[in-house]
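Q: As a plain string of letters, each chain reads:
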Amino acid sequence: MLSRILKRIAISIPVLVGVVLAIFIMLRIVPGDPVTTMLGEHVNPAVIEKISREMGLDQPLHIQFIKYVANALQGDFGTSYRLNRNVTQIILDAFPNTVKLSLLAAAVAWLIGIVAGIVAAIQQNKLLDRLFMGGALMGVSMPVFMTALVLQYVFAFKLKWFPVSGFDSWQAMVLPAIALGWNSAGSIARMTRSNLVEVMQNDFIRTARAKGLRENGVIVGHALKNAMLPVVTMMALQLSSMLSGAVLTESVFGVPGIGRLAVNGIETRDMPLLQGTVVFTTILIILGNLIADLLYNVLDPRIREGA
Amino acid sequence: MTDEKARLTEENAKGKADGNAGTYTGERETAKGRQPQPEEAGAQLGESDTWTDKMQTLMRQNKLAVFSAVMILLMILVAVFAPLVAPYDHLAQSLPDRLQDPSAAHWLGTDELGRDVLSRIIFGARISLTIGLLPTLISMSIGTVLGLCAGFYGGKTDFIIMRLADVMLAFPSLLLAMVVMYTMGGGLINIFIALSLVNWAGTARIVRSQTLSLKEKEFVEAARSIGVKKWTIMFRHILPNCLPSLIVLFTLNIPSAILSEASLSFLGIGAQPPSASWGLMVVRGKKYLFSEPWLSIAPSVAIMIVVLAFNFLGDGLRDVLDPYLKEQ
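Residue numbers (the numbering used here), protein chains in the order written: chain P, 13 to 319; chain E, 1131 to 1458.
Hints listed in this document are in silico derivations from the structure and should not be mistaken for laboratory results. Keep in mind that a hint or two might mislead.
[Claimed, not checked] Heads up, simulated EDC-like pairs for lysine to aspartate or glutamate below, C-alpha to C-alpha not over 20 Å straight-line:
hint : chain 1 : residue 1 : chain 2 : residue 2
1    : P       : K19       : E       : D1288
2    : P       : K19       : E       : D1296
3    : E       : K1416     : P       : E279
4    : P       : K170      : E       : D1288
5    : E       : K1417     : P       : E279
Can you make the complete structure from the sequences, with help from the hints?
A: Here it is as structure tokens:
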């Protein structure tokens, strides 16, 4: 068990390095000199050279990379070109908002997704099943920004139940969380249903029924536990699409989160800012997947006790 | 999504490579005993009647998928013949007619520059469908070749390709596309290139896992023993057996590509004005959301319909072609 965990952690390290390297290279094959882009064309070349030197941009790429990784390991993602502030600090200011948004969205997704999935599985091929699964596929197919705009129009503008934008009160968090969670809810509902339907065909379900358990008891006590395993893993994998979706949700509702930073970084051509946010987010996702895998090991007795 | 598909299929294939192959009953087997049997579907590929059979099953069982296929075909036709179908020129501005409500003359109203929204949506279909189909085809071709090589050659080739795939899959797809857009700058051509380059890893994983199990099969052994060249075995013997999964994956990857383009354009780092990209229309209409909601809702609905149609079709195709390619 321990060696399995250590091995799994060991596999993540090259991926981490690869990801940072990939971002680093991609952002540096930009045509044109970053300092010139930042200051404009008609600035004294001597000034440009001086700033380049101060920022370490005059050194060979591999030295820059090693320095970047060394600094990043100490929690320093460099200084933003535009805001002239430490990128780590900027990220840490925005991060709590994105975390709140993602956690609330995850709660929405779990609640709607699992309930709808269970109901659909129980009512297999009946009206409710088709209705919920149609709804789930619609949830998966709706662009996140569409859900967000529709919610904003109906509940913030027409009904005035919630604020139109911002993220400073719990009322303001409701709509962004639903907008972001909706999409994942669809995936979770579909997966919960298909797993539950499969599990229900097992011999142990027949046994449970044969010994006289009520159908609800069979589902809650025997089937659900087995059907939820892959869903747990999936939830962690959803983290990735959720953080992608957060970029859009934050943009619609004006939430000052990580996604906004990434978009700002592109709009203002602020390379360290964009690099920092992407590296930071991707590391989070890799960690999330790692935790999901380990969780799976702990939750699944066949893996836990075997090997 | 592709990541999870890849993982699950890969796990199944691994179990099978270990030698505990299940028997194919034509029905979904229980969760843990389930093994993918790509060769079953593939062994019949030579006989065209089984493809016909499968399509007939699809038409019988899944009316929704058939309806979606018809919708997709219609949309492709509309996109191809956009200049004939659209009531107005999608770029023609008419400031006196700006921000009009939907009417008989302008079914979906006009935008802030007086352009007909319906015509713009019709022309926008060209962008969405092209971005959905071509980059997906390119990225999946890259993924297929890499997956075949990784599975067939094994060893270092496998290790390098799959670690690269791991790195690609670790990125949230939108952020990765954003980084590429930062480097290359906005614009549709660059979205096209970005999406062609970033989405190969999921396909590579699935093709690799199928190759791993297929290369142990007797027909590959037979081909080897009579001295068939490696590339011929890979592309003539193994690849056709992966086709059912690839077709399903293709259908399900198209909507992700369409959504990526729409999202990038929505964020302002994709298509640039005056393009009729649906994502760009949504974000430009967003300013008028509370007075003229249809400006952003109409193109959103267009995106949703296209994505939904491809998802329904993909679901239906998966059920008949490759029931083992797990949901989500």
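Q: Next step is simple, just say for each hint if it's right about the structure.
A: Comparing the hints with the structure gives:
| no. | hint | verdict |
| --- | --- | --- |
| 1 | K19/P to D1288/E | holds (19 Å) |
| 2 | K19/P to D1296/E | holds (16 Å) |
| 3 | K1416/E to E279/P | holds (18 Å) |
| 4 | K170/P to D1288/E | violated (56 Å) |
| 5 | K1417/E to E279/P | holds (19 Å) |
Taken one by one, the earlier hints fail for this structure only at number 4.
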